[in-house]
Every structure is written in structure tokens, then in C-alpha cells.
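Q: Given next are the chains, with one letter for each unit.
Protein chains: 2
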Amino acid sequence: MGAIETYVDEKCEAFLEELFELLRIPSVSADPDRAGDIGAAGQWVSDKLAAIGMKSEVVVTKGHPIVYGESPKVEGAPTVLVYGHYDVQPVDPLELWISPPFEPEIREGRIFARGATDDKGQMLTHVFSAQAWLQSEGRLPVNLKYLIEGEEEVGSAALSDFVAENTEKLACDCIVVSDSAQFGPGQPAITYGLRGIACYEIVVQGPNRDLHSGSFGGSITNPAVALSRILNGLVGEGGQVQVPGFYDDVVPLTELERRQMAELPFDEKQYFRQAGVSDSWGEAGYTALERRWARPTFDINGLTSGYQGTGAKTIIPGRASAKISFRLVPNQSPETIDKAFRDLVEKLAMPGVKVEVRGMHGAPGLLVPLDSPYVVAASKALEHAFGKAPVMTREGGSIPVVATLHRQLKADALLLGWGQDDDNAHSPNERFLVEDFYRGIRASARLWEEIARI
Amino acid sequence: MGAIETYVDEKCEAFLEELFELLRIPSVSADPDRAGDIGAAGQWVSDKLAAIGMKSEVVVTKGHPIVYGESPKVEGAPTVLVYGHYDVQPVDPLELWISPPFEPEIREGRIFARGATDDKGQMLTHVFSAQAWLQSEGRLPVNLKYLIEGEEEVGSAALSDFVAENTEKLACDCIVVSDSAQFGPGQPAITYGLRGIACYEIVVQGPNRDLHSGSFGGSITNPAVALSRILNGLVGEGGQVQVPGFYDDVVPLTELERRQMAELPFDEKQYFRQAGVSDSWGEAGYTALERRWARPTFDINGLTSGYQGTGAKTIIPGRASAKISFRLVPNQSPETIDKAFRDLVEKLAMPGVKVEVRGMHGAPGLLVPLDSPYVVAASKALEHAFGKAPVMTREGGSIPVVATLHRQLKADALLLGWGQDDDNAHSPNERFLVEDFYRGIRASARLWEEIARI
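From first to last, the protein sequence lines stand for chains F and Z.
The letter at position 391 of the first sequence is residue 1019 when you use our numbering, and the numbering goes up by one with no holes.
The letter at position 453 of the second sequence is residue 1081 when you use our numbering, and the numbering goes up by one with no holes.
Some hints here could point you the wrong way.
[As the list claims (entries may be wrong)] Simulated crosslink set (BS3-like; lysine-lysine; CA at most 25 Å straight-line):
id : chain 1 : residue 1 : chain 2 : residue 2
1  : F       : K897      : Z       : K982
2  : Z       : K1016     : Z       : K1038
3  : F       : K683      : F       : K773
4  : F       : K982      : Z       : K897
5  : Z       : K639      : Z       : K797
6  : Z       : K639      : Z       : K982
[Stated by the list, open to error] Pulled a few chain Z residues facing chain F out of the computed Cβ check, cut under 7 Å:
id : residue
7  : G630
8  : V863
9  : R901
10 : G904
11 : G910
12 : D927
13 : T932
14 : I943
Keep in mind that the hints were calculated from the coordinates and are not lab data.
Glycine included, C-beta positions come from ideal geometry on N, C-alpha and C.
Given the sequences, and given the hints that come with them, work out the whole structure.
A: Here is the structure:
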């Protein structure tokens, strides 16, 4: 490993410069106007894989392209599938960014750019680690496959089909994903649980145009009032989701899990201060950590209706809409919940308006067996690179495709987050510690060795 | 009157061209960027009054300017105060306008422009009628005072002060306002009741930035969820406003009023079809006409929160806000309701967010005595100009200052609407029938004569 680590040390600045190149491509998957940039980002990743000696291809799909790469065959060695994504979240509100989102710059030891941590920076650590092996040792100790998609932020629709149609090509012993956070600065973690997700838009159509609220108010249904009624009816005062049967399939936290979580050095006050809120909130009987990692939730992500300019405009809006999302936990079925949710919305709908529920994307949650040999191998690699044994955590976010990969390929998934919780993954001023980027590369290089030893 | 009517007939096209001039000025009072246009529109009105022989001035206020004009003194004749406004509603959504809102054009006998009916077109009828008297008869039979403001659409704040400080200057026997609708095409009406209004913005501040709903969902309060809870709590399923004591001061409709309203040829089906909705809605026990004219209401005018772009963005928004308005009926006090409303919002607020209630504008409602001699005079003038006796109606909209004028000047108010209900007063494609514009001028000219005879 000595030569490899020396190589990584020497190439630090070159790795950073290459990451900057990819960060400069505004590959926002939700924005149809960015299709060209999405293509460019995928091509960049494929070119990079080819440049370090991989077989690599850009696969055209019905959605955004998928990059697939394979390392030179190592007979008898285990096969690892690295999953990541080159697409990024939208940037608005743009005016809150201190530096432009697609002009990466380093301030106070952090790389600032959209995609820095989610997921371009984290994903590339597994590419640079392979480069280090190949350039310094002339070989890799394992077989690596890369599956890097461009639709993670919008539901991975094309990838699901691709995986279903290519289970032999993608066959592997374990899956490695770095798209989450450490437990805290310098405290690595292995994430053994992910929440699932179900995203919707609810559109309430009232009159065929905005109407004068004096002439019509009180005698026709206001679509924004109707929307408020639906939204309020979806969630209880304490945060309990009101969709019938929503909690039926939730696997309760074990006593061991609750104890492990309680023992983690998690400072609730600091957590709330970081979010800029004064109070905790959520389901009674659970800690903040349990709520965010292991309990399903309902959130409103956006509201749009009527007049949003300066001052007053006394209208009944023609329509009102909300973007909403449920976070699901392992064993909850997005399909079952979809039906119950739609039925409830219909029940909550007021007369005189048309209510439409538009499904956007959904994915189940995931739990990884804690006794997997790959978890043990990852534990050793992380301890080596961070100088500290990882803690076992769960993650409140969703990586929709990981559950699919796990199911289709029948392989364990290693969720190794190199980022931090306050990296602003979906917010303005997204960032990634330079040190985390380097530690990620070193941990990844060591991981290939530990897995080879299994 | 023969010479006057001939004059009006001959000048029809010139009147229309002058109205177009004023409509071309985008005097949107809610938009701070339009202050220059507001000033230009006020100056236009003042210049017009001066051109036909009035004393006229543009009064600078803390808000938008007020135009005040006086006709040459007629000893022993009654004095009529004409109230109107030269400001207009915002135009958005702009993309729904068939022709640009400030480029008036005539299609199918209608003038299309923002302000065509509300209130530039209606207000000018009383200026052109005076011009007809002065140019053809060399005199007016009454003393006319003009009070034309630029803040009607945003609450008439400056005007209230102006009226309070100038009650002698504005002293009059009756007030004439044309800022409402006929009962239907060719069926004139005298409006004896106006609803009041109270406008607010509710702002819910959550985290200090948009947060990843995976990392934070379920453990901090979502401000859009908190807003939905407040909005839903303000109004019952049947449209009953939930503010404690809201209905305490409401004067019930008399049996006579209910009978008069029931006898009006009002086609509910046509009314709903016109609004593009399938169903009636509102307080049980009232007809649609009673609800819109004589019952107080709650409406959401606009909603803003989080991500409103294409696709999904899984965030907890940093803030959520709603513009709302209550329509009040005569005898309800905006001040009493203000306090009870704020108390209720506070009670409905969830923990973990800051809720701010921003009052925008408020005004009480108005009822005019049906046995006033001025009502009788107006009735005759309308029957002469329209060939049909007016019906007595109420109006669901608010003209905040009319109640103030009535109280301060102790004069009856004549609400003579020349427009139509489907003139799109606060919507895209606002319009005014050319024929209604001309009938308004003729009715106004006759009104001065009928009032002189009292």
C-alpha cells in the first residue's frame, strides 16, 4: 500500500483540479434546459474512466445517459460495483450563493460548488483510488464495475430499467456507494439504513382564471383553501402521517439500535442551531436522531398559488399546487402507500375544484446486514484512512436506486459517506471538505485491498 | 338636455381616444417600480379636468398623488362629490392576456385593457358628462367636486388622511362612485351595499435556509406544513370563518332584502359556468347571491414556498407565506377582527417556527339608505339612459374609501356601476363594453340634472 498512498499524496492537487472540471458542468437533472450539460458531464466521467485504463461506455437511455465502466479482469478476485451519480440538484435560490454554484472555489478548506459533495466529489474518490492502484501497482486487487447515472436527483427512472436488463453484466459481490455523510468531522460511519421516498405534486384547479375575490368570494371554492385542507389533512399536529395504513409495515427500531443511536455523540441543540430553528418537532416517543433516520415522514417541498408579488391582490386564484414528499423506511412499500395516499387526497378534496395527484418518483428504503463480511472489510479500511473506527448509522435521505441494486443484484451495499451533515447538499453554498475528499480517496484505495482479502 | 345628448353622440370617438390615452399609462399602485406611471396618470386626470374648465390640482401625499377638481361655482345648487381612482391592479399572469394590458384595443364591442372598467373607464364618464354640459350648455346644473385617487387597489391610505384633513373643502350633498357593475347587460343597478375588506400576509419562518428533507425531515417543523395548518384552521369546511366572534356584528339580511335578491333574474348555473367551476360552495343556508353580497368571507389570494420549478426538489423550505383577505360586511369592525384574527393565528402556530402576521389594508363595509332622495334621482337618470329602471343590489367587492367618505362627509353615497360582472376586473383581459362607456356618460349627464331638481 505504500506506493499507492505516496501516489495519492503526490496527486492531491491534480485530483482536485479534475474534480473542479466536472463541477463546472451544470448538470442539473431536473431542468430540461440542461440536457446538453448532463450529456457533457456523463461524457466527462466516461472519458476519465477510459483514461485510467477502464473499458467505458456512455449508454443512451430514455432519460439521461448512464456511464458504465469495467476495470481490467482480475481472475478469482471479488467484484465490486461502484454506484454514483454525476447529476446535481437545482441551484435556486441562486441569490443566496456566495460564489456561483458552477464556479468551484476553495474557502476555509472547503470546496464550494453544486455537486461538490452530492455526488461528484464523493463519486470520484472511487475513480481516483483505482487510478492510484493502476498507476502505482500496475493492477487492481479486485474487479471494479462503475455505474454512474445522471438521474439520481429526479428518481433514477432509466437506471432501474438498465439494471433490470443487465443483471449479468452488473453481477457483483458487493455494491459501494459514497453519497452520504460521516457521522461528524473525522468520525467515519458505515450507513446500514436508508430511507425510501415518494414524491408528488398535488394540483388543485379552481376557476378557469384568477377571479375578483369581492365578486366571487364566498360562493365558489378557493383552490388554495382546498389545497390547505388537503395538506393539513395529510399530517397530524405531532408529525404523524395520516395516510391510512402508513405505519403498518414499518419495522420498529430494535433495542440494540436505539441504544447504539442513544450512545452516539449527537448534540441535539447543536443540530437545531445548525438548522436555524429553536425547537425540536416530530413524532412523540422518538429522539431527533431516530426521527430522521428511522421514522417515515411527510414534507411539503413547495407551494405555488395566485399572487406572489409585492403588496396585495384580492383574487381567488385559478389554481394552487404543492410539491410534497414522503420519506419511507425499510419494508414500507411505495406502491401500497401510493394508493392509500391518493384515496386520502380524494377524500380530503372539497367540492367545486378538480384535484390531480401527479406521482414524480418513489423508491423503497434499505437495511444492510450488520454482519456482512463486506461491512467488516469497510470498517477496517475506514479505520485505516480516518485513524478511527466507524460508527454504525442510518441515513434519513434516499438513494432510490440502491434498494433496486440490492434487490436485483442480490449483493450487499456498503454506504460509505465521506461528506458532512452541514455540507448543504440540497441548499445554496453546497460544499465538501478538501480533507474529506482526500480521506475518501485513501479509504477507497484501502477498501479494494480489504475486500480482496475476504 | 337635447344639446347635451347631441354633444355626447358627436364626441363618442374623441371620448374613447382620450380613455385610451389614460389606459396606456401602466399605473399599477401595488408595484413600487410604477411610481412614475402613477404620477403620470394622476397628472393626466388633473390636466383633463383643467382642460374642461375645472379648478384642478395634484395633491402630493405620503403615498400616491390625489387629484382634486372643482367645477365653476353654481350658487344655490347642490354639490356632488365624484370619487374614482386612476390606479389599477397588477397584470400578472401576463401570459394569459390576449392583447397587452396597456395597449388598449377594441374587440367585439369591448375595450380590452387593465383599468378599462376598474376604474379609468367608469371614472371618466363623470368627467366627460361635465364636459358635455359645459361645452353645449355653457354651465353645469350642480356643483361638482372630483376626488380621484391613486391607491384604491392598495387600501387608500393617503386618501383617508386627506379626507379627514379636508372635510370642509370636500363638503357635499352626495357622493357619486362608478366602480362596480350593472346587474347584467342593459339592466342597470344602484348598489346600496358594499363589503369591507381586511388584507394580510402570513409569513412562517422555519430553518435559516432550505434543508435536505432526508437529513432533516421529521425532526424539525416544516414551515409550509405549519402554514397549511394555520390556513386550514381559519376556515371551516363549509366556508365558515373560524376567527372567534367573526360573525357577532354581522347585520342579518332582512326578509325584504332576501326577497328582492331572490326575485332578481340571477342564473346560478350561468354564474358558475362563467367562473369555470362545476359547483357552488359556501355557507349553508344562503344563496350564491347572498353569499357574495351580504356574507363575510375568507380567501387565500396567494401561496409561496420552497421549490416551484420543474420536477421535484426534496427540501424543507426555509419559509412559507400566504396572502389572505377577509371580505367584511357592514357593521363588522376591521379593528376588532384584526385582534381576534391575530390571536387565532398565534394559537394555530406550530412550535419551532416564527409566525408573522403583516396587516396590509382594511376597510369597513357600507349600507346606503334606500329612501335617500339622491337614490330616487339616480334611479330616474339611469332609467332615462338605459331605457330600464335600475334594480337595487349589493356588491361583494370593497371600495375602502367610500365608507370613509360617507362617515367623514355625512353624505349619502350613490354607487352606480356601469360595468359588467364578467369584465375581468382583477383578472387578465380586463374589458369594458363600449356601449356601457357611452351609456355611463349619458346617465351621468342626466344625473346632474335630476339632482339639481331635488
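Q: Which hint numbers does the structure go against, in order from smallest to largest?
A: When the structure is compared with the hints, numbers 2, 5, 6, 7, 9 turn out to be violated.
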